[in-house]
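All chains should be built: construct the whole structure from the sequences, respecting the hints.
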Amino acid sequence: MDPHATVLEARDVTKRYGAVTALAGVSLRVARGSCTALVGESGSGKTTLLRTFNRMVEPDGGSVHVSGRDAASLDAVSLRRSVGYAEQEGGLLPHWTVLRNVALVPSLLRRGDASDAARRALDLVGLPAVEFGERWPRDLSGGQRQRAALARALAGGADVLLLDEPFGALDAITRAEVQRMFAALRRQLSITTLLVTHDLRVAFELADQVVVLRAGRAEQAAAPEALRSRPGTPYVADLLVKAGVA
Amino acid sequence: MRRASASRGAPALALALAVLLASDTLTAQAAAAQAATPEAAAQVDRPIVVASKPFAESFVLAEIFAQLLEARGFRVDRRPGLGATEIAFAALRRDEIDVYPEYTGTGLLAILGESPRGSSQDAYRRVATVFRERWGVRWLPPLGFENTYAIAVRPGTADSLGLETLTDLARAGPSLAAGLSPDFIGRADGLPGLRAAYGLFPGEVRALLQAVKYQALVAGEVDVIDGYATDGQIARYDLRVLRDDLGFFPPYDAVALVSRRLADEAPAAVAALTELSGLIDERAMREMNRRVEVDGEPVAAVAADALRSLGAVGDGRSTTAFGTDGGRGSLLRYLWERRATTLAETRRHLLLVVLSLAVGVAVAIPLGLALERARRVAEGTIRAIGLLQTVPSIALLAFMIPLLGIGVVPAVTALFLYSLFPMVRNTYTGVRDADGSAVGSARALGMTERQLLRWVRLPLAAPVIMAGVRTAAVINVGTATLAAFIGAGGLGDPIVAGLALSDTEMILAGAIPAAVLALLVDGALGAAERMTRPKGLREG
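First to last, the sequence lines map onto chains V and L.
With this note's numbering applied, the first sequence corresponds to residues 694 to 939, in that order.
With this note's numbering applied, the second sequence corresponds to residues 5 to 544, in that order.
The set of hints was computed from the structure by calculation and includes no laboratory data.
Hints are not guaranteed to be accurate.
Derived pair list, reagent style SDA-like, types lysine to any residue, alpha-carbon separation capped at 20 Å [said to hold, decoys possible]:
hint: 1; chain 1: L; residue 1: Lys539; chain 2: V; residue 2: Arg793
hint: 2; chain 1: L; residue 1: Lys539; chain 2: V; residue 2: Lys935
hint: 3; chain 1: L; residue 1: Lys539; chain 2: V; residue 2: Trp829
hint: 4; chain 1: L; residue 1: Lys539; chain 2: V; residue 2: Ser834
hint: 5; chain 1: L; residue 1: Lys539; chain 2: V; residue 2: Leu833
hint: 6; chain 1: L; residue 1: Lys539; chain 2: V; residue 2: Arg828
hint: 7; chain 1: L; residue 1: Lys539; chain 2: V; residue 2: Pro787
hint: 8; chain 1: L; residue 1: Lys539; chain 2: V; residue 2: Gly826
hint: 9; chain 1: L; residue 1: Lys539; chain 2: V; residue 2: Thr790
hint: 10; chain 1: L; residue 1: Lys539; chain 2: V; residue 2: Asp832
Residues from chain L that keep clear of chain V, each with C-beta distances beyond 10 Å, as calculated [what the hints assert, rightly or not]:
hint: 11; residue: Glu118
hint: 12; residue: Arg379
hint: 13; residue: Gly540
No residue lacks a Cβ here, since even glycine has one placed at the ideal position from N, Cα and C.
Following this line, the structure appears as structure tokens:
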């Protein structure tokens with residue numbers, strides 16, 4: 694298997710909501726085991742683009758490929774079960790215990806060892822199942838909820854993760870902890886990650902490639918260092934200054 | 005038509021008069037009365053359904069009909085206090101009931117929508133002919149008294165303003181406040197007609213039920229009321245009845261109104277009822293009303309006395325009489341004494357509520373879920389269902405009769421319709437608003453829509469849905485008291501009868517258990533609501 698094969702690819706993707714253009718022709722490649730961050734202001738289209746990869750959003754034009762296959766040709770539900778997903782605030786089911794939440798995808802896949810898979814995933818994110826498994830989501834701290842959400846995204850054995858502002862709702866210290874944990878995990882498991890964040894610093898810390906979106910177009914795509922040293926447009930330069938990473 | 009004193013001692017003469025007034029078939033039926041025996045009666049193998057409208061006089065007359073028929077060997081099923089003219093007549097037309105007391109003027113105006121013409125006799129002939137042709141319904145020859153509207157004032161008001169006639173009242177009108185029955189305010193032979201005939205009249209109008217009207221007048225809350233000529237309360241409070249100097253009010257001869265079915269099936273029963281024609285005069289009726297309304301005597305006893313004094317029946321049966329079932333004394337003792345009745349009424353009440361709610365749940369929850377999938381039409385649909393809520397209960401019940409008759413079925417149907425709105429609304433919003441982030445994540449991780457509904461949205465919406473069920477149940481416990489107006493029974497029975505007979509204790513005998521029932525239902529469903537709250541969402 695080619696270690697640098699493209700796992701996620703968007704080709705000239707467009708999406709409109711009525712009169713509003715969310716994506717105006719975006720292309721993007723994410724290599725196996727790497728992490729790409731989508732950054733941009735609210736309304737730049739980053740979440741919309743992320744969600745085309747698990748078919749939560751259907752593009753109007755262009756195509757989206759996951760592991761070399763056109764997403765449109767895949768069954769949406771099966772695709773979603775094979776791609777990990779977590780969002781801001783975690784999105785845990787409030788009426789399920791942490792363990793049951795984390796066991797969601799393996800259960801949907803009707804795997805007999807769903808609970809074991811969930812326990813292993815909880816261990817990976819530093820929430821031992823013995824201690825946290827039977828708790829309710831609301832009894833966890835914000836950071837613990839994000840870890841549980843990551844565990845849930847991983848428990849099905851996915852090697853692709855789609856993360857939408859996964860560290861957005863955390864305080865600085867907790868966010869640093871969770872990010873460190875995630876960075877280590879990603880390398881350890883060699884997971885391909887597409888990450889949405891409005892925070893350039895998060896992108897710089899975690900990503901191999903940063904894609905700046907502006908009004909549904911990719912303004913610049915580059916490695917963090919390249920972006921920092923050679924901002925492609927005044928907009929990107931301005932964004933770097935504003936984020937304090939210039 | 006005030007031939008009572010003469011006919012009282014001469015039933016035969018009255019009968020002759022009645023026969024003259026009656027239609028051809030009735031003549032034959034009256035002739036058959038001679039042959040009416042218990043044996044003949046036994047040929048009707050179903051109980052004769054005797055009904056009344058919800059006021060004292062109607063209760064008394066219906067009880068007289070009932071006891072007379074029982075004395076002649078017929079079995080009788082009593083349906084007291086049917087909502088209003090529309091409900092009682094609609095039930096009669098559908099052969100749901102067999103006989104109830106009605107008034108010629110009401111038939112002419114409220115049912116036929118015609119303006120009164122000519123004399124009492126003209127009015128009677130008109131309704132007798134038209135009802136017979138149109139619906140096969142028979143107006144038996146009049147009972148012997150007229151009970152037209154009586155516009156009454158306190159003696160003090162009459163003296164100080166010099167009021168004797170309605171023309172005087174129209175003159176003094178703007179300074180006076182009127183307490184009128186809702187019925188009277190709306191109908192052509194009521195306030196609108198009165199305004200047209202006499203000009204401006206009166207300044208302020210308040211809708212008051214029969215039960216509280218006289219107290220309100222005597223207490224000075226209002227200055228003018230609409231009563232009936234035979235009301236016992238008029239004599240009790242020495243009120244002045246203003247003369248209808250322009251002859252606006254149509255004749256209101258009291259008559260036994262008989263269904264086509266009874267006329268066809270049991271001519272002997274019709275003949276028995278016809279015997280009452282011309283036997284009850286205005287004074288006698290007012291006296292009976294006074295005994296029931298003012299003295300609180302049981303309707304059955306008053307009716308039995310009347311039949312005895314008319315020589316129509318040897319002794320009165322008073323086992324299952326209309327209305328009153330006891331004297332007035334200590335409320336607690338009264339409640340205790342009628343506990344078996346209350347229990348039966350409560351059971352019936354619960355039956356109405358539970359049945360309507362069960363059907364309501366079965367329809368409302370799937371509908372709410374469907375609407376959540378079709379949000380474009382959801383708000384419109386829910387608003388349309390909400391409009392049902394604005395239909396007054398009595399009107400809704402009245403609409404039911406042509407379709408479903410009277411009794412439990414239309415009552416449950418009406419309650420079902422009322423229960424829909426809170427349950428559909430809560431199901432829809434509960435499922436729609438169920439934790440968006442949780443639902444979104446679960447979908448993004450590969451739950452199908454069906455799994456989402458079953459495992460996420462329904463459990464999360466359950467407390468909201470249950471709150472809707474709870475609201476509907478409590479509304480239904482309250483509204484079910486109105487089912488008494490269409491003969492469905494329940495705790496509304498004593499309330500309707502109590503209102504009709506100005507018997508506060510009887511009203512309370514229905515109202516208190518209904519309130520307790522509402523609290524219990526609310527409590528039980530509140531507990532159910534807490535139990536449906538998913539564990540992860542529970543407090544503490």
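Hint by hint, here is what the structure shows:
1. As the CA atoms of Lys539 of chain L and Arg793 of chain V are separated by approximately 13 Å, the hinted pair is consistent with the 20 Å bound.
2. Between Lys539 of chain L and Lys935 of chain V the CA atoms are separated by roughly 45 Å; this puts the pair beyond 20 Å, and the hint is violated.
3. Between Lys539 of chain L and Trp829 of chain V the alpha-carbon distance is near 8 Å, which keeps this suggested pair within the 20 Å criterion.
4. About 18 Å separates the Cα atoms of Lys539 of chain L and Ser834 of chain V, which keeps this hinted pair within 20 Å; it holds.
5. A hinted pair counts as satisfied when its Cα atoms are at most 20 Å apart, and Lys539 of chain L with Leu833 of chain V qualifies at roughly 15 Å.
6. This hinted pair checks out: Lys539 of chain L and Arg828 of chain V have alpha carbons roughly 11 Å apart, not beyond 20 Å.
7. In summary, the hint linking Lys539 of chain L to Pro787 of chain V is supported, as the alpha carbons are separated by about 9 Å, within the 20 Å threshold.
8. Annotation: proposed proximity of Lys539 of chain L to Gly826 of chain V holds, straight-line Cα distance about 15 Å (limit 20 Å).
9. Proximity of Lys539 of chain L to Thr790 of chain V is assessed by CA-CA distance (about 9 Å); at most 20 Å being required, the pair is judged to hold.
10. Restraint check: the Cα-Cα separation between Lys539 of chain L and Asp832 of chain V comes to about 12 Å, which is no more than 20 Å; the hinted pair holds.
11. Every CB of chain V is more than 10 Å from the CB of Glu118 of chain L (nearest about 60 Å), matching its label as outside the interface.
12. Residue-level check passed: Arg379 of chain L sits 16 Å from the nearest beta carbon of chain V, beyond 10 Å.
13. Under the 10 Å C-beta cut-off, the non-interface status given to Gly540 of chain L relative to chain V is violated; the minimum distance is some 4 Å.
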